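Asks: Chains as they are written, first to last, in the working numbering: chain X, 4 to 413; chain L, 4 to 413.
Hints were generated in silico from the structure; no laboratory data involved.
Each hint should be verified, as a subset may be incorrect.
Pairs involving identical chains hold if they fit within one copy or between any two copies, as the list cannot separate such chains.
What the hints assert, rightly or not - Pairs of lysine to aspartate or glutamate residues, derived as DMTMM-like cross-links and limited to a Cα-Cα distance of at most 20 angstroms, are as follows:
| no. | residue 1 | residue 2 |
| --- | --- | --- |
| 1 | Lys388 | Glu224 |
| 2 | Lys388 | Glu226 |
| 3 | Lys388 | Asp339 |
| 4 | Lys392 | Asp46 |
| 5 | Lys42 | Asp304 |
| 6 | Lys254 | Asp316 |
| 7 | Lys42 | Asp176 |
| 8 | Lys42 | Glu58 |
| 9 | Lys254 | Glu211 |
| 10 | Lys388 | Asp316 |
| 11 | Lys23 | Asp6 |
Just so we're clear, the structure is a prediction, and the values are computed from it rather than from any experiment.
There are 2 protein chains.
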Amino acid sequence: MLDARINQDRLWRSHMAMAKIGATPGGGVGRLALTDLDKQARDLFVSWCREAGCEVRVDRLGNIFARRAGTDSGAAPVMTGSHLDTQPLGGRFDGIFGVLAGLEVVRALNDAGAATRRPLDIVVWTDEEGVRFRTGIMGSGVFCGLEKLEDALAKTDESGCGVAHELARIGYDGAEPVGGYPLHAYFEAHIEQGPVLEREGIAVGVVEGAQGSRRFRVTVEGEEGHAGTLPMTGRRDALLGAARMIHAINKVAFAHDPLPVITAGAIFVRPNSPNTVPGQAVFTIDSRHPDAATLAAIGEDMHAACAAIAKADNLALHFTQTSDSAPVAFDAACVDSVRAAALALGIAHRDIYSGAGHDACNLNHIAPTGMIFVPCEGGISHNEKENAKPEDLAAGCAVLLRVMAEWAES
Amino acid sequence: MLDARINQDRLWRSHMAMAKIGATPGGGVGRLALTDLDKQARDLFVSWCREAGCEVRVDRLGNIFARRAGTDSGAAPVMTGSHLDTQPLGGRFDGIFGVLAGLEVVRALNDAGAATRRPLDIVVWTDEEGVRFRTGIMGSGVFCGLEKLEDALAKTDESGCGVAHELARIGYDGAEPVGGYPLHAYFEAHIEQGPVLEREGIAVGVVEGAQGSRRFRVTVEGEEGHAGTLPMTGRRDALLGAARMIHAINKVAFAHDPLPVITAGAIFVRPNSPNTVPGQAVFTIDSRHPDAATLAAIGEDMHAACAAIAKADNLALHFTQTSDSAPVAFDAACVDSVRAAALALGIAHRDIYSGAGHDACNLNHIAPTGMIFVPCEGGISHNEKENAKPEDLAAGCAVLLRVMAEWAES
């Protein structure tokens, strides 16, 4: 088993072959869930897995499980995987790396003629991106009992086309029940989708968990007036107030260690006319932090900062929380295994939190779960320009091989 | 002549009668230039002037001149007036007060049986508001030689309907040439359209001039990123930069005495998505000040403040001036006359600058010109809620009567 080696070129060629399905003119991939392109990608994956000697099962929600048998056929499997669907103008690696890294682990074990006690499952989760059916991490959500199968099957896209119909149409309405059996552990490899690893020249991120997030809508009410005739001292300028608040919530981020991320991403001003003092400004806040208590404190700090400005500027304030997702902490033993594997392999690594949500966040509810990040160019993702280096993908895959082999014996 | 007295009730009733033409459900007036409603308002004004013994002329651009004869028929007239067109959801006083105050001056002189040496002209300027034909202070602009008659007649509205066509349709395509004869002086009464007079409990503003204005478009270029994965320290957040700039240009206003007005009225953010770090923000600046050199200095200060923030935040900045209107200083003798009249009548008054442009700003190019402001409720204008008090209108009208009578003898 320890003789097994990742084949960097083969892993890269698999990515490039998969990237042809739904390739966009800008060098990315557009492959929405349960489309003909998704079917082609699934078919290619299934053919590769069968060539690698795996048994392939499909459940009623189209989740695909390719199993490399273990020596103990009754033992709970060690699972890895991710998704093959992409954003409309997405990249070649987001999700796909997690699936193809699993395949490469199996191929590498095959090359070495290595057996494992527990079976190894490579999974392709249905509709992680959530673009077409306005959902997200759907297949893994139902698998983990976080969402009902009937609800997922009943979802429809903009044209009224349903998940159940599309699964049948592309031939991935499997017979297997969705979930309901034990996993020994779940590991997911993924590109970071942020710039930390690349900037620090580190090949592998040991993912401790995923940040929690809270979103807010901030409405600032002032009073409209003529830009030429209303003196500065009598104004209740909603955009000026919002601008001061956007600056203030940014300062809140830097007052917390480790730094949360706080983003005012969208703003809407009324009447948004060059010669009228703005009467209303509405902006959004996206705040994320790995620690729930800190995340809550950040929300309170931001509210207090905005309230102080509203009071000083004689503006009305409505500070409304619009979403609240708790932070995810991955299983300590899984995280330790990832770190130890990178150390043993001499791969530069660091602990990191995921800013985005992943299928692994769902799996964490039902099995010991860990994630492995690799760098992506400029931290750019959900973008045709998304890119990664063959050697980084191989490094992440080598860590995945080691942790899966380890957990397959435990 | 000094026995002539303004009839406050008659002046108010004239306003209320005129306000019925194009009355809006919100208590305002919607009477765009050269519409059927504008014709009705013009017809009512003309009928009132003829009842008051005036001779009415209409020029080729539809400007209406109602003359009360003087004892010296060859003397250049003292002119007053304003406009009867309004914003789509405008008020009952903006422009209309200047026209009806002129009518009330004539009526008051008639009541007293008072003669003046010079003729008195009450003018209704065509299309001051500039809404329908995307222009502004058009009739007075051509009258003063600042714009060509042919260009004005050729303007069309959104539906392609032209000024010349509409003038003929409503019967105001007069035979008189536009301008080209001497005026002895021009005085215009107007609501302040700002809150200064009301706030200070002062009935009359002695208008020294109109502010100059410079407008800018500020484009801030950063880099888009995932709000969950891009760390705070690596960000180039265009909205955050714009927010800091909006605050900084506000501070520039307070660094100058007397206070200029500086307004960031509109902002456009790309992609304006709650979970994406903004890559671009474009905002507008409207800056005004009565002194040209100060106005220029303010523009430089704002540019410097924005440039410093762009540099600190690693953002690209495009700071572009989009318009430049020089300040207007009204004739010193006219301004002195307005001030002296208010003082003689025992009316609380103060010197003030106009934030908005008026027909008087055009007339100032060809004749000694002055303006008289009266308070409006809350400083609100260009709004159905625009309101003014009968006693304030009468006070402004009394000052107008006094200065016109004075200048009619000089």
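Asks: Looking back at the numbered hints, which does the structure fail to meet, lowest number first?
Replies: Numbers 3, 4, 5, 9, 10 and 11 - these are the hints that the structure violates, sorted from lowest upward.
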